[in-house]
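Residue numbers (the numbering used here), protein chains in the order written: chain A, 26 to 314; chain B, 6 to 310; chain C, 1284 to 1538.
Hint data in this document are derived by calculation from the structure and do not stem from the laboratory. This one's a predicted model, so the numbers in the text were calculated from it and none came from an experiment. Here a beta-carbon is modelled for each residue, glycine too, at the ideal position from N, C-alpha and C. Only true hints are included.
Now the stretches of chain C that chain A is said to cover, found in silico as 3 or more residues with beta-carbon under 8 Å: (1) 1335-1349; (2) 1358-1370; (3) 1384-1391.
One-sided and incomplete, this derived list gives chain C residues near chain A with beta-carbon spacing under 8 Å: (4) Val-1376; (5) Leu-1394; (6) Ser-1395; (7) Leu-1398; (8) Arg-1446; (9) Gln-1450.
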Amino acid sequence: MFERTELNARNDRTQALVKVLFGVMTVLLALPVLIILGMLVVRGGPMISWEFLTADPTNGMTEGGIYPALVGTIWLVSVALLISVPIGIAAALYLSEYARDTWMTRAINLAIINLAGVPSIVHALFGVGAFVLFFKFGTSILAASLTLAIMTLPVVIVATRESLQAVPHEFREACWNMGATRWQTIRRIVLPNSISGILTGVILEVSRTAGETAPIMFTGAAMFLPFLPQSVMDQTMALSLHLFAISTQVTDVPEELPYGVALVLIGLVLALNAVSIGFRTWLRGRKKW
Amino acid sequence: MSTVIDSGDADRLDAAWWIDRIVKVLVFAGGISAIVFILGIFAFVTKEGFGFVLKDMDVVEFFTSPNWRPTSDTKPTHGILALLAGTASITGFAMLISVPFSLGAAIYIGEFATGKTRETLKVLVEMLAAIPSVVWGFIGLSIMNPLIIDLFDVPVGLCMLNAGLILGLMAAPIMTTIAEDALKAVPDGYREAAEAMGATRWQVIWKVVIPAAKNGLVAAVLLGVGRGFGETMAVLMASGHSINMPEGVFDPVRALTATIAAELGETVAGDTHYQALFTLGILLFAVTFVINLTADLVVRGIRKK
Amino acid sequence: MVATSTTSKVSVRDLTIRYGQNAVLRNASFEIPENEIFGIIGPAGSGKTSFLRALNRMDEFTPGMSVDGSITLDGKDVQTWRNLYALRRRIGVVFPLPVGLPLSVYGNVALSPRLRGMKRPDLDDIVERCLRRAALWDEVKDRLDALGSLLSGGQQQRLTIARALSQEPDLLLLDEFSIAVDPVTTMRIEDVLKELKKEVTIVLVTNLVQQARRLASRTAFFLNGECVEVGETEELFTGTVQDQRTRDYVEGRFG
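One chain only, chain A, in its complex shape:
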């Protein structure tokens, strides 16, 4: 066997040291999540009540609940999903099932990377220029949701493409050989076996969309509105913008109020993420082939 030389011992020490160092770095990265969550729960927790969730904000948004903001966020996210999910799934189907390795495919991939990478405030500017002004939707849920949908499109595309590609190619070959069309193959075999992966991606997108602020600030969300939206052409309040408003724009807000709003927002987002992660783990455990 190897003799335990001086060099070997030094290597082992370095090894141990490095491992501890990197471990500590990882923990330092992960720790803030727990600290932040802890502080939000401790300080915001007492704010949360059924009334807080279902009452209107009152007295210049320094008292009362967050009901219209919550409803507004649901509106914005739902409309955004209605737009981005079909487009995103179509795009993923094209990339996974139809596209060959051509310059067009590369251009689409580059466009997706850039849609994900362009700053949210630039998406907001686009929303203002395109939807609010050019298409004359005005500041409305429709304009804001379109902006959100385009911004979060890459999330759906990437997740869907991944789960489509997880379906083995030989299943497609077998179907094509039977005379099934591409679409029949997709509908009968590919989609049913990737739908849960797609759903995971959609949940992730919901959580991204719910938290966004910059893209909706000038396209459809308002800091304060005395009424609930009646259609997609109305403006609306939103949780994320409400948090921004009461922590920067409104004076004399009780210190705990924004903690409560932040806790609701982050609770919503993290709960959706947890569902998505749990779903994914469950999927990995299932075996169909």
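For chain A, the structure is supplied; the task is to place chains B and C on it using the hints.
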């Protein structure tokens, strides 16, 4: 069984064929939508902002003056040097902290951690990525601000340090995830070969895995920079948002993105201020486009090998 | 030598198949008569599978694959078909490695009839009939809901045969079906094929020369992309072959 069908009739373009054709067109439309949208973003932001570039912009002033006073009644100026310095200092500071930590975490998660620990750490990193930027901004405002005031005995805690730390935490998950993917892409054969020669884990990582994953790691850092550069709400809330050529980490600064977010609401569509803000948008779009393109080319570099 | 009473189901003329620049089959010409088993033997890489892919027009899904010359099925060149799906529906294919689709056993066999618009109870009939003919019914009749992709290898292979039969094809292509199957199952499937040839034309690609001898009336020998010999199977084994390489192969001197 073998009913002989007239082959002329068998070769009919039936419903299934037509449906397949239609779906193909729809799906293709979905595929190119990403290109349409990215071109649309460029076109509309340019359309709204280009009036300023043609009419009012003084190129020298724009890039060299630290004075951003678009609303001055007497003499509006549109110098972005201070804004650039603000964005650069915050992003730079964030990267200074975040790059080593993220790469360290990626190596730990990818190469050292196993089983439950690994899964837990990955979930925590994912949760870090999920926190909305407005919540980060709120944390900078309500938790970090008093903390910095107490710890360093300074009058205000909304500053480059605050925004930089927040941004570092925000950019970390994307860097960690992509860096870990890059490490994972290195074939196990490389590791086994080196370990068979008696190298320790760390020697294998340092001498074999990291050099092999170099391009992916560079791409990870680039995307982290892009993320930091474009972040808006958190920076707006935590940086102090005052126009300033920063000299130290406790100076309040102002970022390009935050400027748009803070001022667009005050403008009238089409006026000089409005157009100037869209010009900042063109700049942001161009810079992030170049960063993403570079990252993509760098990653493509690995695949070619 | 040629039995003139039978008509040709498939005729192949000057067929050349390429992947990119690389030709895997060159200038092959032969006839496949109706309602018998036509064997294609030859070592790996001789172009047998590529021929099946060309016949089934799978070049549509294979980037870089190009086909020259002609393959006519029932007098119509497959290259001229517009609705390739309708063409493939008439041709059943069984692969070397069975692919049970991630559907139930029932769903696997019912897939093709369903795509043609067939509904229950006709569907139940055809599923049972096809499973019986593939000699699988007795083993799976109590678990038609089980996942087809989780059956054993031999069962999956018979499932794919049942699935191919559910297309009600008039041409059945088998590509080295016995690779993943035990000898007993192989014999059972061979019996099935002998039955089937009364109604369906069968092309049997195999690298087991004895299997071709047992089943095929006529056999072609492919070698390195060349169709070396076509003739009555027995003649390949006993009689006059024109090419020394054929004799070497069937007598096991290489391959």
